[in-house]
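> Residues per chain are reported as follows:
Protein chains: 2
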Amino acid sequence: MVKAQAMEALTKALGKENVITEAEDLLCYSFDATADMPSQVPDVVVVPQNINQVVEVIKVAREFKLPIYPRGSGTNLSGGTIPLQGGIVLSMKGMDKIVEIDADNLVAVVQPGVIIQDLNNAVAPFGLIYPPDPGTVATATMGGSVSECSGGLRGLKYGVTKHYVMGVEVVMADGTVVRFGGKTVKNVTAYDMVKLFTGAEGTLGVITEITVKLIPAPEAKKAMLATFESLADAGNAVTEIVRSKVIPATMEIMDNVTIRTVENFAKIGLPTDAEALLLIEVDGIPEVVEREAATVIKVVEKNKGKIKVAKDDKERDGLWAARRSALPALAQVKPTTVLEDATVPRSRLTDMLVALQNIAKKYNLQIGTFGHAGDGNLHPTILTDARDTEEMKRVHQAVDEIFKVALELGGTISGEHGIGIAKAKYLPLEFGEQGVDVMRKVKQALDPENILNPGKMFK
Amino acid sequence: MVKAQAMEALTKALGKENVITEAEDLLCYSFDATADMPSQVPDVVVVPQNINQVVEVIKVAREFKLPIYPRGSGTNLSGGTIPLQGGIVLSMKGMDKIVEIDADNLVAVVQPGVIIQDLNNAVAPFGLIYPPDPGTVATATMGGSVSECSGGLRGLKYGVTKHYVMGVEVVMADGTVVRFGGKTVKNVTAYDMVKLFTGAEGTLGVITEITVKLIPAPEAKKAMLATFESLADAGNAVTEIVRSKVIPATMEIMDNVTIRTVENFAKIGLPTDAEALLLIEVDGIPEVVEREAATVIKVVEKNKGKIKVAKDDKERDGLWAARRSALPALAQVKPTTVLEDATVPRSRLTDMLVALQNIAKKYNLQIGTFGHAGDGNLHPTILTDARDTEEMKRVHQAVDEIFKVALELGGTISGEHGIGIAKAKYLPLEFGEQGVDVMRKVKQALDPENILNPGKMFK
Numbered sequence: 039m040v041k042a043q044a045m046e047a048l049t050k051a052l053g054k055e056n057v058i059t060e061a062e063d064l065l066c067y068s069f070d071a072t073a074d075m076p077s078q079v080p081d082v083v084v085v086p087q088n089i090n091q092v093v094e095v096i097k098v099a100r101e102f103k104l105p106i107y108p109r110g111s112g113t114n115l116s117g118g119t120i121p122l123q124g125g126i127v128l129s130m131k132g133m134d135k136i137v138e139i140d141a142d143n144l145v146a147v148v149q150p151g152v153i154i155q156d157l158n159n160a161v162a163p164f165g166l167i168y169p170p171d172p173g174t175v176a177t178a179t180m181g182g183s184v185s186e187c188s189g190g191l192r193g194l195k196y197g198v199t200k201h202y203v204m205g206v207e208v209v210m211a212d213g214t215v216v217r218f219g220g221k222t223v224k225n226v227t228a229y230d231m232v233k234l235f236t237g238a239e240g241t242l243g244v245i246t247e248i249t250v251k252l253i254p255a256p257e258a259k260k261a262m263l264a265t266f267e268s269l270a271d272a273g274n275a276v277t278e279i280v281r282s283k284v285i286p287a288t289m290e291i292m293d294n295v296t297i298r299t300v301e302n303f304a305k306i307g308l309p310t311d312a313e314a315l316l317l318i319e320v321d322g323i324p325e326v327v328e329r330e331a332a333t334v335i336k337v338v339e340k341n342k343g344k345i346k347v348a349k350d351d352k353e354r355d356g357l358w359a360a361r362r363s364a365l366p367a368l369a370q371v372k373p374t375t376v377l378e379d380a381t382v383p384r385s386r387l388t389d390m391l392v393a394l395q396n397i398a399k400k401y402n403l404q405i406g407t408f409g410h411a412g413d414g415n416l417h418p419t420i421l422t423d424a425r426d427t428e429e430m431k432r433v434h435q436a437v438d439e440i441f442k443v444a445l446e447l448g449g450t451i452s453g454e455h456g457i458g459i460a461k462a463k464y465l466p467l468e469f470g471e472q473g474v475d476v477m478r479k480v481k482q483a484l485d486p487e488n489i490l491n492p493g494k495m496f497k
Numbered sequence: 039m040v041k042a043q044a045m046e047a048l049t050k051a052l053g054k055e056n057v058i059t060e061a062e063d064l065l066c067y068s069f070d071a072t073a074d075m076p077s078q079v080p081d082v083v084v085v086p087q088n089i090n091q092v093v094e095v096i097k098v099a100r101e102f103k104l105p106i107y108p109r110g111s112g113t114n115l116s117g118g119t120i121p122l123q124g125g126i127v128l129s130m131k132g133m134d135k136i137v138e139i140d141a142d143n144l145v146a147v148v149q150p151g152v153i154i155q156d157l158n159n160a161v162a163p164f165g166l167i168y169p170p171d172p173g174t175v176a177t178a179t180m181g182g183s184v185s186e187c188s189g190g191l192r193g194l195k196y197g198v199t200k201h202y203v204m205g206v207e208v209v210m211a212d213g214t215v216v217r218f219g220g221k222t223v224k225n226v227t228a229y230d231m232v233k234l235f236t237g238a239e240g241t242l243g244v245i246t247e248i249t250v251k252l253i254p255a256p257e258a259k260k261a262m263l264a265t266f267e268s269l270a271d272a273g274n275a276v277t278e279i280v281r282s283k284v285i286p287a288t289m290e291i292m293d294n295v296t297i298r299t300v301e302n303f304a305k306i307g308l309p310t311d312a313e314a315l316l317l318i319e320v321d322g323i324p325e326v327v328e329r330e331a332a333t334v335i336k337v338v339e340k341n342k343g344k345i346k347v348a349k350d351d352k353e354r355d356g357l358w359a360a361r362r363s364a365l366p367a368l369a370q371v372k373p374t375t376v377l378e379d380a381t382v383p384r385s386r387l388t389d390m391l392v393a394l395q396n397i398a399k400k401y402n403l404q405i406g407t408f409g410h411a412g413d414g415n416l417h418p419t420i421l422t423d424a425r426d427t428e429e430m431k432r433v434h435q436a437v438d439e440i441f442k443v444a445l446e447l448g449g450t451i452s453g454e455h456g457i458g459i460a461k462a463k464y465l466p467l468e469f470g471e472q473g474v475d476v477m478r479k480v481k482q483a484l485d486p487e488n489i490l491n492p493g494k495m496f497k
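One line per chain: the protein sequences are A and B, in this order. Residue 39 is where the first sequence starts when you use the numbering used here, and the numbers rise one by one after that. Residue 39 is where the second sequence starts when you use the numbering used here, and the numbers rise one by one after that.
Hints are computed from structural coordinates only; laboratory data are not their basis. Honestly, I wouldn't trust all of these hints.
Copies of the same chain are indistinguishable here, so a pair counts whether it falls within one copy or spans any two.
[Stated by the list, open to error] Restricting the straight-line Cα-Cα distance to at most 20 Å, the calculated cross-link-like pairs of lysine-lysine (PhoX-like) are:
{"id": "1", "residue 1": "Lys346", "residue 2": "Lys259"}
{"id": "2", "residue 1": "Lys251", "residue 2": "Lys283"}
{"id": "3", "residue 1": "Lys305", "residue 2": "Lys346"}
{"id": "4", "residue 1": "Lys463", "residue 2": "Lys497"}
{"id": "5", "residue 1": "Lys97", "residue 2": "Lys442"}
{"id": "6", "residue 1": "Lys41", "residue 2": "Lys54"}
{"id": "7", "residue 1": "Lys400", "residue 2": "Lys431"}
{"id": "8", "residue 1": "Lys131", "residue 2": "Lys399"}
{"id": "9", "residue 1": "Lys131", "residue 2": "Lys497"}
Excised from the complex, chain A in its bound form (with noise of 0.2 Å):
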């Protein structure tokens, strides 16, 4: 328990009306959207409304030896947010303002707690899009989305969230207060330190400050269904649009078990025995939607696929409906949903969907996958429950199985969800220990207390 002296620090520095200490109202904090993690309610959650707070916050915590779990909304998918030594609950919601848009210059510069679409809806107006679209586009945090890097729908053409962050205001561990990067597309005064605090899942410092860059909202879009008999055409057509010089918006496929279980649950009339189906969608401006919407078309057929091109934006919304619907369905079958993020090559798409389907045949495990097709960032999600000790026992090898393959096809243990709690443990297998231990002395160097989301990333 915090002793009463911290809580009145904390009272005294932010107002009663920003320290959380009702029991069932830390509760909420105890978890985030990560299934099979460990939970742990906090001491104390505080929601800070402004950046001297935030600094007293990291005074209190130094003074007293408590550690600070910086928070968005929780949709974290590693155990990121989780309060492992309880301590302090950093909520960044009350930090929610957008400062600026600066169209002429194509950024914004934000708060941590604003979310990512009321972003987008202020910047529409300028015919302006902040393009990293994770699934938790709704209800993430900017913070939150920055500190985990967070991936998407969009990544083979628009990059991911660290493409965008420009410049970030971070209060460090020793309570100072610090800016890097800023407006221009271009600066290279020394080190890149906005990057190391762009998925740094709040390890390095507390976010107070985004500067993200904005781009011209593509014109027109053309959303097209192509579903395949087996796993290799699909995957080959995605190298081979790609190959042709086309890189779509989004290339997202949906194996089998997601395409019944999707069909299923929301009755939009996918094709329940294709192997495979492949959604994409292409945009600019409209001559050039014209063309890579043909060359599409072309290099589907040539693999085997049937297409299908929504014809208009209701037909369109209703193919993302059906991708949306992928991680509910698959989590409705089942009362534990292990959702993974493993990414390979997008050359070596093929050979881990069909990995995948050894795995779920090996330890005897429904396994669902979806994901990213155009990045190689698959998501195999295991449809099992908790209480099951047994099955569980099973889910966790092939988990592992999963990761071990990824490497192998020369990719990566997570494509967008972060280390969190619960992949720490494989970052040895990625960079060895040397290489872990290049980034553990860089979290000692600027949090030599570790104090800022201990547990986390390391193990």
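Using the hints provided, position chain B relative to the given structure of chain A.
Below, chain B alone, put in the same frame as chain A:
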């Protein structure tokens, strides 16, 4: 002088042919392309042929407490490769293999000694390009340009070097070998160490292999020359082109001093009475190029500019020859050319251009300004004579003021040349002592004995 033992150890590890000790050879490594810098002859230059030899060099350096100065072609512009404390220059030009071109994944893997243009030549048959395009593309190495995070002419549309580095292999200061990143578009596995080593100027580790992203080559290009009677009109045209949702591949500016000097040097028919000119190139598929060119013409004319479209490749090449002549033309006016790269948000371009004119007047100096207008990345170029100590005093005052103004306008002290020796003293201006201290902690954590490129970046 390096102890005989150290020299013996280096010769044993690398072979006599890869260890340079002749005084007249060493002299070539005592300086780089930066004007107005101290020079220092190293004790020895080594040219490792593989990563094991790099590791051996680090072992010797640690044993004999010798500093290591990694170097590519030495074309860098902030004194970054000058061996300030003598010791070992580590030339990476012996490791110059293109390891792999993986067209299906749109990536290439190269050793650090590969010349940028050689990579572009090698990927051209696949219809691909490596977009970063510094002025020294024909001579600079991949290792050097990654370590300096080179910019160039295509930053606005295509970004700079850091946007294309996907993976690195690095020998750390303690001799361990680590690999970060790889071929996957998405990768959020712990800290973004790839970006930390990119632009670290060889102070954190020695890069021995680089994985870079490639993109499809644009099918068509159109170059245009716009001339203006006022700097403000030119600056406003730049902002309005982007506001019209056209992102040109390049958008270069030259002021009147530069125009007259280039014309005098190259006799290519530039309008010597124009106050500013813009060289604009749009690229993409032919339909897009036509459409974007039409928008550019409309915006230029609205802003009282005259515009000429290159009607064929020959005229296009002529325009770019003019742009490429800017620095050599300015450089032949006076013995010393102090080239800066202060960068501001694009919307503040006119303010910066006017400020530069005023600074030239105030300090009674000849300053020609050209640069990447679309990025807000200007190259004010002071034409002077390093032997004229009185004038050099004014040059240094002018440079101080240039950076001060750039920061006041929300810019940065280095858009693309890096810090090295030249700008170390300005770092606290941008980040405060506390921000510099964060970076220094990272340096100390990864190179505690300060053997990698000592004397750079930090005062």
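> Within a copy, between copies, both or neither: where do Lys131 and Lys497 come within 20 Å Cα-Cα?
neither (29 Å within a copy, 39 Å between copies)
> Is it within, between, both or neither when you check Lys463 against Lys497 at 20 Å Cα-Cα?
Within one copy, since 6 Å is at most 20 Å while 39 Å is not.
> If the cutoff is 20 Å on CA atoms, where do Lys251 and Lys283 land: within, between, both or neither? Let me know, please.
between (25 Å within a copy, 14 Å between copies)
> Should Lys305 paired with Lys346 be assigned to within, between, both, or neither, using CA atoms and 20 Å as the limit?
Only inside one copy: Lys305 and Lys346 sit 18 Å apart there, 58 Å across copies, limit 20 Å.
> I want to check one pair: Lys41 and Lys54. Are their C-alpha atoms no more than 20 Å apart within a copy, between two copies, both, or neither?
Classified as within: same-chain Cα gap 16 Å, cross-chain 67 Å, threshold 20 Å.
> Between Lys131 and Lys399, at a C-alpha cutoff of 20 Å, which is it: within one copy, between copies, both, or neither?
neither (43 Å within a copy, 50 Å between copies)
> What label fits Lys400 with Lys431 when the C-alpha limit is 20 Å: within, between, both, or neither?
Within one copy only: 13 Å inside, 75 Å across.
> Have a look at Lys346 and Lys259 and pick one of within, between, both or neither, based on CA distance no larger than 20 Å.
Within one copy only: 15 Å inside a chain, 33 Å across chains, cut-off 20 Å.
> Using 20 Å as the alpha-carbon threshold, which applies to Lys97 and Lys442: within, between, both, or neither?
Answer is neither; intra-copy 42 Å and inter-copy 33 Å both fail.
In this structure, the hints that do not hold are numbers 5, 8 and 9, in rising order.
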